[in-house]
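Based on the provided sequences and hints, a complete structural model is requested.
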Amino acid sequence: MNTQISSIEAACIEKGMKMTEQRRVIARVLSDSTDHPDVEGVYKRASSIDPKISIATVYRTLRLFDIANIIERLDFGDGRARYEVATEDSHHHHLIDMKTGDVLEFENEELENIKKQIAHDLGYKLVGERLELYGVQIESKTSDPSSDQEN
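In this note's numbering, the protein residues as written are 1 to 151.
What the hints contain is simulated information worked out from the structure, not anything from laboratory work. There could be a bad hint or two in this list.
[As the list claims (entries may be wrong)] Derived EDC-like pairs: lysine to aspartate or glutamate, alpha-carbon spacing no greater than 20 Å straight-line: (1) 125 x 109; (2) 52 x 40; (3) 116 x 129; (4) 52 x 21.
What follows is the structure in structure tokens.
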């Protein structure tokens, strides 16, 4: 495992949290994730590094990191919480593929301006929001001629 301090571990240290070896492993797993793992996903990855890590430890650690605003807990309506590193400098949204469960991150400046304008038009200053889009991937018309018909 890489000995460099992960972004989550650095945030924990900055907030004065005690960093056990198991917390370090979980922090590394989350920092290195390119997806949005759920508890089971974090547990599988962490326990492959340290087999002594229990699922209960993963639950407790994720909750601790979430309360400290080091990670964000995401609910995409599929009954399982997923997690990502909390960032202040990058505001993004999620598009969830309803067939595969894949989560795609995207940014859109025009959308950001529209949201601010809506809040302003209603007499508010936007201080927070969350946008999640749900969809299915559009199949290419050339891949399946029978897909031209819609029900």
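Results for each hint:
The suggested pairing of residue 125 with residue 109 holds, with an alpha-carbon distance near 17 Å, which does not exceed 20 Å. Between residue 52 and residue 40, the direct Cα distance comes to roughly 15 Å. Compliance with the 20 Å bound is thereby established for this hinted pair. Proximity of residue 116 to residue 129 is assessed by CA-CA distance (about 10 Å); at most 20 Å being required, the pair is judged to hold. Our distance criterion of 20 Å between C-alpha atoms is met by residue 52 and residue 21, whose separation comes to about 11 Å.
The earlier numbered hints are all upheld by this structure, with none contradicted.
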